[in-house]
Amino acid sequence: MSAPKENLKARLARMGWMKTVASLLLLVVVYAWTSTSLDIKPSQFLDGSTWRAMADLTVRLGPFYRVNKCNDAHTAWGDDEPLAGKPNPKKVRAVCEQGRSQYLFYDDYWEDQKAFLKDMKDPLLDTFRMAIVGAFFGALLAIPFSLLAARNLVKWTPVYYTVRALLNLIRTVPDLVWAALLTGALGVGALPGVLALTIFSFGLNAKLLSESIETIDQGPLEAMKACGASWIQQVRYGVVPQVMPQFLAYSLYVLEIDVRASTVLGLVGAGGIGVLFNTQLTYGKWHRVGAIIVVMLVVVWVMDFVSTKVRERLI
Amino acid sequence: MTTARSTAPGPAPLSLWKRWAPTFWFLVVIAVVVWAMTGMKSYTVKWSEAWPSTVNIVKLMVRADWPYTPTLLAKLLETVQMALLGTLLASILAIPFGFLASRNMGKKLSGFGKMMLNAIRAFPEIILAIIFIKGVGPGPLAGIMAMGIHSIGMLGKLYAESVEAIDKGPTEAMLSVGANRIQQIWFGVVPQVLPEFSSYALYRFEINSRAATILGIVGAGGIGTDLIFAIQQRVWSRVGIILLGIIVVVTAIDLGSGWLRKKLV
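Chains as they are written, first to last, in the working numbering: chain A, 189 to 503; chain B, 2 to 266.
Okay, chain A solo, but in the shape it has when bound (with noise of 0.2 Å):
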């Protein structure tokens, strides 16, 4: 009669085009079922008054302000003498008693910004050191645990899983959670901040040190096992000098990302350039929380560049 019948499998890869519909399907799906829960429209992303604020915010975090009122809080202020970073309020009347709305610059931008930026030193110096000490004690912490983690040097199970658990269930809380946490329990200030990127800095540094110390060569180990070496002195002559290099670079790596986290700590209040932010950003002083901005933007760069440079001589 008929050629013989078909499995399902190989039929489905013939119509290799079906997988191509599937998956559009599935994202159309996925599409309607979360904006529909979330009551979200497409004409939202597209709507012009949102563009329009965007663009209006990004204007402001420039060196302009925006004057639409007259009973705005620019005149509010009333000096003659404009202060620092603050609007002219002759001009500004100047403008709202035409009815129109506008931008102006701001008169003392530069020198604003100037000694703005001596504001910002100590905060972003704290930034770093924060950073740097997570870092450095979630690496000191992390020798230990990976070596427990790891699954070539450690015979006995229960050990290995529990140790594993724990730092995936450390790793499992994002940073901020962790800043907002111990906030909450130590009160505001730098520490809960260095505490938050501690256990953050651990939880990344076990997990990446203890996938490399389970790919070493075990020749050496063996060696030294048949000769009679003990767990330490295996550990010390066999581990250390293969994973060290890694080490460092992974050190270097997560204090990268450390850097990067601690300028957001701030806001929830722990710490470092973040709290300036937060409070620029409740007195609407926007053009001073645009250069908090390119000052995080550069920092991210620099640290990527210098760390990505040494860790390529370091492997």
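No wet-lab data here; the hints were simulated from the structure.
Treat each hint with caution, since some may be false.
Stated by the list, open to error - From chain A, some residues computed to sit far from chain B (all C-beta separations above 10 Å):
#  : residue
1  : Arg254
2  : Glu299
3  : Thr345
4  : Pro346
5  : Val347
6  : Ala411
7  : Gln422
8  : Val423
9  : His475
10 : Val494
Claimed, not checked - Sample of chain B residues at the chain A side, in silico, Cβ under 10 Å:
#  : residue
11 : Gly40
12 : Leu89
13 : Glu126
Said to hold, decoys possible - Straight-line alpha carbon distances no greater than 16 Å define the calculated EDC-like cross-link-like pairs of lysine to aspartate or glutamate that follow:
#  : chain 1 : residue 1 : chain 2 : residue 2
14 : B       : Lys135    : A       : Asp235
15 : A       : Lys473    : A       : Asp296
16 : B       : Lys115    : A       : Asp492
17 : A       : Lys279    : A       : Asp296
18 : B       : Lys135    : A       : Asp244
19 : B       : Lys263    : B       : Glu197
20 : A       : Lys473    : A       : Asp244
21 : A       : Lys278    : A       : Asp295
22 : B       : Lys264    : B       : Glu197
23 : A       : Lys473    : A       : Glu299
24 : B       : Lys158    : B       : Glu197
25 : A       : Lys395    : B       : Asp255
26 : A       : Lys207    : B       : Glu197
27 : B       : Lys108    : B       : Glu165
28 : B       : Lys109    : B       : Glu165
Cβ atoms here follow ideal geometry from the backbone N, Cα and C, with glycine treated the same way.
Given the coordinates of chain A, work out where chain B should sit on it, guided by the hints.
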């Protein structure tokens, strides 16, 4: 660097610098850490008071606020949906960036594309969320847009790398039978990169589901808002159950997406 050891039986004795370099760098690290620890402002915690209160907080957190579960589940679902939609947005927006930044497809524009991706990546999600909140108001949309934009940076970079690694054969074969550029990309490149693209998008979904839990801290929707309110009001039993929820959801997404990614590539 530090593996160099003076006692090793080598043919030539190590130079003075090589012998002392590990010690030198070790001292530099210690000096930097000491500088960092001593210079830090606002070390105002009194451990004699802070430690018992921390222990007390942990005790309260363990006594989870179970009646809160229905709200928690709704909020967690919202968080996951935010992550899904944000990832969907980013994984589509990142495709043109990926092609632009790849050396074989973007040609001369590759460097420019990579620079743009780096610039996008440098903005932390939470800062973007704050900016978008000013645009669209507090709520999940701001968070989705923040994740959607921030994720382009990483996804575009990974996409570009997988586009760079494709096999030239199919494209050249099509060129030889007279296919135009669009046809070449659609039939020669897309089938090759699609599994990797979706695998990266899934990986980014894992990261975004973590990010979505914190975006609420600044008011961009999701569980973070409830978490930060509970912490500020010191309702530790509620903090405990929210943390539990975050851990369970993130772990579940990690496992599920890891399994799916193994199937894809």
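Say whether it holds or is violated: A/Val494 keeps its Cβ farther than 10 Å from all Cβ of chain B.
holds, 13 Å
16 Å limit on alpha-carbon distance, applied to hinted pair B/Lys108 and B/Glu165
Roughly 11 Å separates the two Cα atoms, so the pair holds.
Beyond 10 Å from every chain B Cβ: check whether that's true for A/Glu299.
holds, 26 Å
Quickly compare the C-alpha distance for B/Lys115 and A/Asp492 to 16 Å and report which way the hint goes.
Holds, at roughly 15 Å.
Would you assess whether A/Arg254, listed as outside the interface, keeps its beta-carbon beyond 10 Å of every beta-carbon in chain B?
holds, 12 Å
Cut-off 10 Å, beta-carbon criterion: hint that B/Glu126 touches chain A
holds, 9 Å
Is A/Gln422 truly not at the interface, in the sense that its beta carbon sits beyond 10 Å from all beta carbons of chain B?
holds, 17 Å
Distance rule for A/Val423, whose beta carbon must clear each one in chain B by more than 10 Å
holds, 15 Å
For the pair supplied as a hint, A/Lys473 and A/Glu299, is the alpha-carbon distance within the 16 Å limit?
Answer holds: A/Lys473 to A/Glu299 is near 15 Å, not above 16 Å.
With a cut-off of 16 Å on the C-alpha distance, tell me whether B/Lys135 and A/Asp235 pass.
holds, 14 Å
Per-residue hint verdict: B/Leu89, partner chain A, C-beta under 10 Å
For B/Leu89, the interface hint holds, since the closest Cβ of chain A sits about 6 Å away, which is under 10 Å.
Given the hinted pair A/Lys279 and A/Asp296, is their Cα-Cα distance within 16 Å?
Given that 16 Å is the threshold and the Cα spacing comes to 13 Å, the pair holds.
Taken one by one, the earlier hints all hold for this structure without exception.
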